[in-house]
Structure formats: C-alpha cells, structure tokens
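Peer 1: Model the full structure from these sequences, guided by the hints.
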Amino acid sequence: FDFKNWYNDAPGYNKALEKAKRLKQPFIIYFHTDWCGWCKKLNIEYLETNVMKRTLADYIKVQINPDHGLPEKRISNLFGVTGYPSFFIGLPINNEKPFRVSPFLKHKNLAPDDFSRQIQEALVSIYNQHAYNICQQKNYDYALYIISKALNVSQSNAYSFYIKGHINYCIGHTEKNKQ
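Read in order, the letters of the sequence shown correspond to residues 1 to 179 in the working numbering.
It is worth saying that the hints were derived from the structure and are not from the lab.
Every residue, glycine too, gets a C-beta built ideally from N, C-alpha and C.
One thing to keep in mind: the hints can contain errors.
Unchecked claim - Just the calculated beta-carbon pair ranges, DEER-fashion: (1) K15 x H173: 39 to 45 Å; (2) W35 x K106: 36 to 42 Å; (3) D2 x R117: 21 to 27 Å; (4) N177 x E45: 38 to 44 Å; (5) D114 x F79: 20 to 26 Å.
Said to hold, decoys possible - Capping the alpha-carbon separation at 25 Å, the derived lysine to aspartate or glutamate pairs in DMTMM-like fashion look like this: (6) K15 x D67; (7) K108 x E48; (8) K24 x E121; (9) K61 x E48; (10) K21 x D113; (11) K41 x E18; (12) K73 x D2; (13) K19 x D2; (14) K61 x D34; (15) K97 x E18; (16) K138 x E96; (17) K4 x D58; (18) K149 x D114; (19) K40 x D67; (20) K15 x D58; (21) K15 x D34; (22) K41 x D141; (23) K108 x E121; (24) K40 x D113; (25) K61 x D113.
Peer 2: And the structure:
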C-alpha cells in the first residue's frame, strides 16, 4: 500500500495532530508492522479499495510502524496498542479518547463497505459525545455546529437527532429564563 497523503511515524504523528487540532478535523492513526499478515490484508483488501479511499479522504491520516524506533513504540504504548493492525479514529479536542475500529472480528471479517460504515459510525459517536459535552458547558451555538457535523456524516443516527433536540431545548429554556 502506498501511504501517499499519510503522515509517517513519530514526526508525522506530531504534525498530523497539530494540523488536526488547528483545523478541528478528525484524524486516523494506523499502527502496523512490515511482518504482520493482518496488516498486509488491511492494506491490500481494504485501504486500496475505492470505498475506503473515499471514506478516508477527509481525515488527517498518520501511519506508524512501532518497529521503526523508540518514539514510534512510545506512541503505540500511549494508545494501548497490544496487537496489529490497530486503527484509531479521533478528534483532537478535550483529550477525548479515540475509537479503535477493525474490520477483523472474532467470527468474521467485515467487507470494505462495512468497515467504512464502522469508521463513519465511530466518528458520529465522537461528534455526538463532543456536542453533548459542549452543550453541558452552555456553548449552544458550537454544540449545534458539532452536531451538524455528525448529521453530515450520517443522517440516520437517532442519537444525533436526540442531542440536537436536547441542545435546542436548552436554547429555548435559556431564552425563556431570560424573559
């Protein structure tokens, strides 16, 4: 797999995280090794597909091979990586923990389309949690902005609509109390 348009290893991780923070954009961190058969399968049967290329297009992506040195190994330890491949999705905000996703399940492997959906669902969950947390801080406009990002990813997530309704309720309740 050609990791063109991906940041690489520890130096790339730092640049990717800085860019993701600056742009408030989601990121992907992919931990793999050269000797790992499952990593090769993920690279060829998933990352090479058009559906995955489209899914990952808007993410800031970094690939890290912990065998490349101590800084890379430290980053993998920071994420609790105990096996390969390890694939994480996150937003660089409020130290919220990234979601780990994998197409390789105990009883079956997901198809690339299903893995793509799993990535999108993880991102929606991250946005939902962040929007709810922001709402609790009474920053309603920003919470609505974040929940709109969740709804742009998936218009079928009922929890996103619930949170949007909750935010609007809070706005109305706040406006009522001002009168």
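Peer 1: So which hints don't hold here, by number, going up?
Peer 2: 2, 4, 10, 11, 22
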